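**Q** With these hints in hand, go ahead and build the complete structure from the sequences.
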Amino acid sequence: MRIVATDCGSTTTKAILIEEKDGVFRQTFRGEAPTTVEEPFADVTLGVANSVTELQELSGYKLIADDGTIIRRKSAADADGCDLYISTSSAGGGLQMMVAGVVREMTAESAKRAALGAGAIVMDTIASNDRRKPHEQIQRIRELRPDMVLVSGGTDGGDTKKVIEIAELIAPARPRPRFGGEYKLPLIFAGNKEARQTIERVFSGEGFALSVVDNLRPTLERENLGPARERIHDVFLEHVMAHAPGYDKLMTWANAPIMPTPGAVGDILQTIAKGRGINVVGVDIGGATTDMFSVFGGVFNRTVSANLGMSYSISNVCAEAGMDSVLRWVHLDMDERELRNRVKNKMIRPTTIPQTLEALVFEQAVSREALRLAYIQHKSFATTLKGVQQQRTVGDAFSQKEAGGSLVDNMALDLMVASGGVLSHAPRMEQTALMMIDAFEPEGFTEIAKDSIFMMPHLGVLASVNPRAAMEVFERDCLVVLGWCIAPRGEVRAGRPAFEFSLRRANEVVAQGQLIGGEMRLVRFGHGEIGMLEVRPERGLDMGAGPGKPVTREVRGGAVGIVLDARGRPLKLPTSAVERRACVEKWLKALEVYE
Amino acid sequence: MAKAYTPGLKVTARTTYRVRRLLPVSGDVRVKVGDSVSAETVVAETFLEGDVFPIKVAGMLSVNPSELMPLMLKRAGDAVQVGDALARSKGIFGMMKTEAKSTAAGTLESISESTGMVIIRGAKTPVQVRAYVAGKIIEVIANEGVVVETDALFVQGIFGVGGETWGTLMVAGKSHTEDLLEEHIDASMKGAIVVGGARMTAGGIRRAREVGVAALICGGIDDADLRDVLGYDLGVAVTGSEKIGITLLVTEGFGDIAMAKRTFQLLLAHVGKMASVNGATQIRAGVMRPEIAVPLGEASSGEIFTGGATAGILDIGTPVRIIRDPHFGLLGSVSALPEQPAVLGSGSKARVLEVALESGQRVTVPRANVELVGD
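The listed protein sequences correspond, in order, to chains A and B.
Positions 903 to 1497 (the numbering used here) are the ones given, in order, by the first sequence.
Positions 9 to 383 (the numbering used here) are the ones given, in order, by the second sequence.
Calculated from the structure, these hints are not laboratory results.
Treat the hints with caution; some may be incorrect.
[Said to hold, decoys possible] Far from chain B, some chain A residues (derived; all Cβ distances over 12 Å): (1) Asp968; (2) Thr1154; (3) Phe1283; (4) Asp1316; (5) Val1367; (6) Gly1428; (7) Arg1471; (8) Leu1473.
[Said to hold, decoys possible] Below are the BS3-like pairs computed for lysine-lysine, each with C-alpha atoms no more than 30 Å apart in a straight line: (9) Lys923(A) <-> Lys1288(A); (10) Lys98(B) <-> Lys1063(A); (11) Lys1095(A) <-> Lys64(B); (12) Lys1063(A) <-> Lys82(B); (13) Lys109(B) <-> Lys98(B); (14) Lys132(B) <-> Lys1035(A); (15) Lys1086(A) <-> Lys105(B); (16) Lys18(B) <-> Lys82(B); (17) Lys1488(A) <-> Lys357(B); (18) Lys18(B) <-> Lys1063(A); (19) Lys40(B) <-> Lys144(B); (20) Lys269(B) <-> Lys1035(A); (21) Lys64(B) <-> Lys40(B); (22) Lys1474(A) <-> Lys1281(A); (23) Lys144(B) <-> Lys1063(A); (24) Lys281(B) <-> Lys18(B); (25) Lys64(B) <-> Lys1288(A); (26) Lys1491(A) <-> Lys281(B); (27) Lys1035(A) <-> Lys109(B); (28) Lys82(B) <-> Lys1035(A); (29) Lys144(B) <-> Lys1086(A); (30) Lys1035(A) <-> Lys105(B); (31) Lys132(B) <-> Lys64(B); (32) Lys1151(A) <-> Lys1176(A); (33) Lys132(B) <-> Lys40(B); (34) Lys1451(A) <-> Lys1281(A); (35) Lys105(B) <-> Lys1063(A); (36) Lys1035(A) <-> Lys64(B).
[Claimed, not checked] Looking from chain A toward chain B, a few residues come up when the C-beta cut is under 7 Å (computed): (37) Gly925; (38) Val926; (39) Thr930; (40) Glu1038.
Here the structure is a predicted model, which is why all the values come from computation and not from measurement.
Idealized CB from N, CA, C, for every residue including glycine.
**A** Rendered as C-alpha cells:
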C-alpha cells in the first residue's frame, strides 16, 4: 500500500510518502513546496502538486499525472501512483471562530473547548458575564471577521432567556464573514434545546447560515462536545474551505475529509494516549502562535496562544514575559538595548535565522518563555467542569481539589512531544530537551520526544482511515525519542543531597550516584536501550510515590539520554544575576547543550 | 543551481503605481474613469450602519417579556431620541406608571418578546475614501471604489506606524548617515513629509509631533523610542491604525542604521513635490509594507506596480542587504552562492551565500538573512 499525505500550511505545503513494506508501514520520502493559496496562483492544488512532484523525484514513482492531478493505482501491481491521498490545511490563517455562551466559566468555556478541539483559533468569547457592556460586546462582534460562530448557552430544559439574549446581540451586530461578498456567515447553535425555535427566528434574517446541533452542555455535570466539533468540521469543509482557492478541487482528490491541521494533531495525540494508556502533552511552537495539546485521564484539551511565537510574535513574548525573565536563561553577556532592537528586527523580518551562537542562545531563551506562558494558559484552560456541585467527604477537605481544577498534572505526565521550528531545528537534541524541561518543569519520570519532520498532522488524518498505518509510522518514524527527565517535586536545598539513582541494564549497573540540590546531570543512554532506573529521593522530595519514597521504572534510551534534574519543583533560579548565570552555565555544561 | 529566490523591498525611481481605493461596504463612487484627482479628492463615499444599543425595557418596567408588546409606545422603525419614552407600564389602578426611557438616539430596530430587549440602531456614520495619491482614475468598481494610477517614485519601507497621509516632501539633515535630531525639525515642516537620514531620535520625533509634521521617514528607530511614542510595547507588527498624530516610517530596521544611500538620494531629488505615505505594516500571511509614493507626472514607465510583497532571484552580483546580526544592515553584492549547506556559528546547518560588502570585506551569511535592494 502506498499513501500520499499533505499538510497545506500558511507558507509551505509538506508532502510525505508512506509505504507498506514487509507488512509494516514506514514513512519513506518527504517533499516540500510553497503554498499557493494567495495571489498570483490562488489555487492550493498547485502547491500540493509541486510538493508531491518532489516526492516523485525522490522516490522514483510517478505520482503526478500530466494534468497535474495525483495518480491512483488500480492494483498493487501498478508501478505508478498511490492508493490513498489525504490532506490537512491551515492555509490562509486556519479556521477562525467566534464563540458565545451564557456563563463565561461554563457554557462559554465549553463552547471554546469545542472550537479549539476542532482546530480553530478562537478570536473572542462572548458571554453574559464577560464584564463588557452589551454595546461593547456588539461593537466587538462587528469588528471581528470570523469564518463561523458557535453559540451555546443554558442546560437542556433550563432557562432560555439568557441564551436568547446573547443571540439577540449577535444577530443585529451582523458580523461580517472573512471572505465577504455573498458568503453567508455559518452559525452553529449548540445550546438549550428548548430555545431552538426562538433561535431559528432570531437568525432567520439575511446573512446567517444557521445549523443546530445537540447542546454541548446538556447538564452542568456533562459536556457533550462531539456533535458541535463534528459540525464545525462539516462547516469548515462546506463553507470555509469551499471559499478558499482550489479547495473544491483538492476535496475531490482526497480520500478523507480535509481537516484543520491542529485538529489532526489533536487526533493523533489522543490515539497515542489511548493506545498506550498514558498522559501526553504536545506542543507546536510556530512563528506566530503556539499550539498546546494535552490528554490527561483520557480527556483531551487544546489551546492556541495566539501571540506567542518565535518570529511574528517574538516581540510579544518578550513584552509579556518581560526581558528579565527571558535573560535569566542566558549565560552570555548581552546588551539589553541591542537585544530589544534585535527582537523587533526579527519581528519585521521573520524569516531570518540565528547565525551566531549568541543569537541562538537568545532565541532559545525566548522560546522557554513562550512555551512557559503557553503552558500556563493551557493549564488554566484544561480543567474539570466548572459550576458542578460536588459532594464532599471529610477526607476531601484535605485534598484541596475543587471543581474547575486543572487536569494537567506534571507528576502524572508520561510523555512530552515537541514540535515547531525552534524545537525541531535546534542544532543539538540536548537543546530541545532542556528547552522543554525548563519551560514545562516535568516532575517524576517523564519521557521527552520530538516530531521529526512535523508529521503529526498527516498521521492525524491517516488515523481516521487507517489507524494501524498511523500508529506504526508514529512509533517508528514520526517520534524521535530524546530521553527522560527525572526530577523530584518539592524544594531542594542547595548543597544538600536531593536523590540517589541507579540505572541497570539487565543485571549490569550502567550508572549510579547522588545528586545534590541545584545540580543537573546527564547519563547517556542510547536509542533502543532499555533499563530499570531506581531513584531514592530525600525526605520531602517526591518522585511520584510520595515524599521520600523510592521509585523504580523502566526507561528507554534516546538521542539525549537520561536527564537527572535536582533543581526542585517549582523551578527557582537564583535572584542574584551572578549566581544565576553561574548556575545556568553549570547546567548547560552538564547537559552538553552548546558543546 | 547558483540562484535562489529571496524577498526584497521595492525602491524604484519611476514606476506606474496603481492603488485600489475601496469602501468597506458598498456605496457611491464620486469620480469617473479619466478624471484627474489629487490625494485629497473624495473618490467614493457611503454610510456605515449605525451602532447598536440594546435596552432591557421589560426589566425596566418590571414586567414579563411576553407582556411588553402592548406597553410599547414606540414601534419598530420609529425614530427615537435620548430620553424618549419607549414603553409605559399600566401602573396600579392607572396610577404610578413607570416609563422606560431610551438611553440612545436612532431608530427602533426590534422588540423581543422572548427577552424584553429593545434594540436601537444609531445614526449611520458617513465614510469617505480619498484618492491618497494624485493621478488618474483608470477603473471604477461599481459601488465599491476606484483604481488610481500615477507614475511615481516608489519606496517600500520595512516598518511603519500611523496611517495614510500626504504633504510636501522635505529633507532634514545632510546625509543618509546622519541621525534625525531635534534641531533638524523646524516650524516650516508643518504638514510635510520629512526625510531624515539614519535613526530618528526621541528628540527628533518629539519635535516633529509638536510642529505637526505629517510623516517622518528615516533609516531606523530605536525600540525604546517607538515604545515611548506608542505608549506600549508593540507585540506583533500589525500597524496602521495608531492615533499618534504622525506617521513614522523606517526603511531599514530597528537600531542605529543609516538609510540606504540610493533611497536617500532618490527622495532628495524630489524635494518640494507632493508625496503620499502609508505607515500601515502587516507582517503575516498577505504581507503589507509601509510605502512612500511621489507622483511624477504622466509619462509612463511601462512597469506596473500594485503593492504587496516583492521578491526576486539571487544571483552573482545581485545587490543585497544583510538583515540579521552579526552584520545587520550592511550592504553589498552576492559574490558566491555555494551549493552545499554550511555549518553556522550557531551550530545549525543552512544554505549560505557570500556577500562582498561595500567596504571590500567578504562575509558568509545564511541565504535567509539577506534581502534584495534596488528595483
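**Q** Which numbered hints does this structure break?
**A** 9, 15, 16, 18, 20, 21, 23, 26, 29, 32, 37, 38, 39 and 40
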